[in-house]
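Between the sequences and the hints, there should be enough to build the whole structure, so can you do that?
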Amino acid sequence: MPDAAIEFRDVSFAAAQGRLLLDRVTLSVEQGTTVAVLGRSGSGKTTLLRTVNRMIEPTSGEVLVEGKAAAKEDAVALRRGIGYVVQETGLFPHFKIERNVGIVLEIQGRPRAEIAARSRELMAMVGLDPAKFAGRYPHQLSGGQRQRVGLARALAADPAVLLMDEPFGALDPLTRAEMQDVLRGLMAGLRKTVMLVTHGLDEAMYLASRIILIEEGRVAADLPAGEFLGSTIPAVQAYARAVRRGTDADVPPARQA
Amino acid sequence: MGGFWAQNGSQIGILTLEHLWLTGSAMLIATLIGIPTGIALTRYPAWAKPVLGVANVLQTIPSLALFGFLLPLPWLGESAARIAIVALTAYALLPIIRNTYAGIRGIDPAIADVATAIGMNGFQRLVKVELPLSASFILAGLRTATVICVGIATIAAAVGAGGLGEFIFRGVASVDNRLVLAGAVPAAGLALAADGLLGLVERWVRVPAAGRG
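As given, the protein sequences belong to chains A and B, one line each in that order.
Residues in the first sequence are numbered from 1 upward in steps of one, following the working numbering.
Residues in the second sequence are numbered from 258 upward in steps of one, following the working numbering.
Just so you know, these hints were derived from the structure itself, not from any lab.
These numbers come from a predicted model, not from an experiment.
We put the beta carbon where it would ideally sit given N, CA and C, even for glycine.
Wrong hints could be hidden among the right ones.
[Claimed, not checked] Pairs of lysine to aspartate or glutamate, DMTMM-like flavour, derived with a Cα cap of 25 Å:
1) A:LYS192 - A:ASP74
2) A:LYS72 - B:ASP370
3) A:LYS96 - B:ASP365
[To be verified] One-sided excerpt, in silico: chain B residues whose CB lies under 7 Å from chain A:
4) ILE375
5) ASN378
6) LEU388
7) SER393
8) ALA397
9) GLY419
And the structure:
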């Protein structure tokens with residue numbers, strides 16, 4: 001059994017108004033695997049993700065990253081060691097693409113030549129021709145291209161752990177599928193530990209080896225991806241039914257107006 | 258008319274320089290106080306209302322009255338230029354603080370959040386993300402403040418601080434419009450020039466396309 005890269009021990013988080021967003025979550029994410037976190041909006045999945053890089057501090061309980069208690073690490077140093085990808089708003093609009101990719105290295109004070117070489121290497125890795133894209137600004141790119149940049153940035157410092165918060169949520173289905181392929185290809189080669197928050201069951205099934213379903217701040221299910229659809233857990237069945245609506249043969253199509 | 262300019266040309270030059278000195282010193286001090294204060298307010302937003310309130314009140318004091326209030330103060334009262342610079346600084350503060358604060362607060366919160374999440378410390382976030390993204394806003398504040406200062410500096414002549422106001426006051430006292438214009442036209446020119454120059458800088462630092470949230 002490989003070691004856990006991320007471990008949640010009895011993690012709770014109460015918002016300022018006292019509402020419990022995470023309720024004694026205990027989980028572990030094994031080294032080198034991709035785990036998808038599913039759940040309704042507001043179920044606490046993003047909150048859970050953000051306790052890993054201390055963007056949110058748990059009210060109680062403990063998060064361990066690579067075996068070390070996150071709360072005892074220096075927050076800035078911890079975050080620099082963790083890749084972070086969000087929906088498309090995450091790029092710096094005033095930086096050219098090359099600098100957007102290299103910023104993680106820049107803030108660590110690495111030599112300029114190293115940053116430039118690494119940025120270009122990463123751009124190529126995510127399928128963006130450096131000669132064409134390095135000098136452009138984010139607004140000159142399509143949504144899918146921007147997301148590739150976001151992915152490249154997250155990989156720049158070669159982190160062992162990658163946090164992804166609905167990374168492809170804003171993309172059209174075809175571009176999303178393309179990006180899923182890019183990510184899957186990269187992850188197969190890089191062996192990163194990935195925690196992926198998503199609404200898409202298809203995305204979770206395609207990318208993750210394990211799926212966690214969060215409901216009202218609690219872990220409702222924690223299953224290997226292959227067993228998710230066959231699960232008898234009511235919360236899982238409800239989720240799967242909601243996602244498959246309109247694609248089941250036994251559902252009559254919407255009446256024409 | 259030609260004789261008038263020949264007679265007063267060198268004095269217009271001197272008073273223009275004096276005017277520039279008063280305005281420039283006040284703007285420098287106001288910038289050094291205002292921008293850090295605006296930044297500090299974004300870190301401690303609870304202070305924003307009282308601090309902006311005080312700056313606002315300062316700006317509502319009639320300028321002639323403010324110069325008068327400062328006259329009896331020790332050290333300050335000894336030099337008219339000191340009084341003028343302190344008063345002008347007070348007037349320049351509000352637009353600078355307000356625009357710095359509003360500019361940084363107006364940045365897309367998702368961008369500021371990502372800056373922190375990828376491991377920027379507070380200083381890096383400020384220098385690499387917040388200041389560049391709010392630069393055109395901050396400059397717009399400096400621009401407003403400069404124009405206000407150039408205008409109010411003409412009144413500083415009332416307490417003997419010099420500047421182009423000297424001509425205006427002399428012209429008003431002797432009912433000589435040429436003297437009034439000799440002060441007013443260069444003052445207006447200064448304001449326009451400063452406004453235009455800072456406008457250029459503002460355009461130059463503007464973030465490419467839809468950079469703000």
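Hints versus structure:
no.	hint	result
1	A:LYS192 - A:ASP74	holds (22 Å)
2	A:LYS72 - B:ASP370	holds (21 Å)
3	A:LYS96 - B:ASP365	holds (18 Å)
4	ILE375	holds (5 Å)
5	ASN378	holds (5 Å)
6	LEU388	violated (10 Å)
7	SER393	violated (11 Å)
8	ALA397	violated (17 Å)
9	GLY419	violated (42 Å)
The structure shown violates the earlier hints numbered 6, 7, 8, 9.
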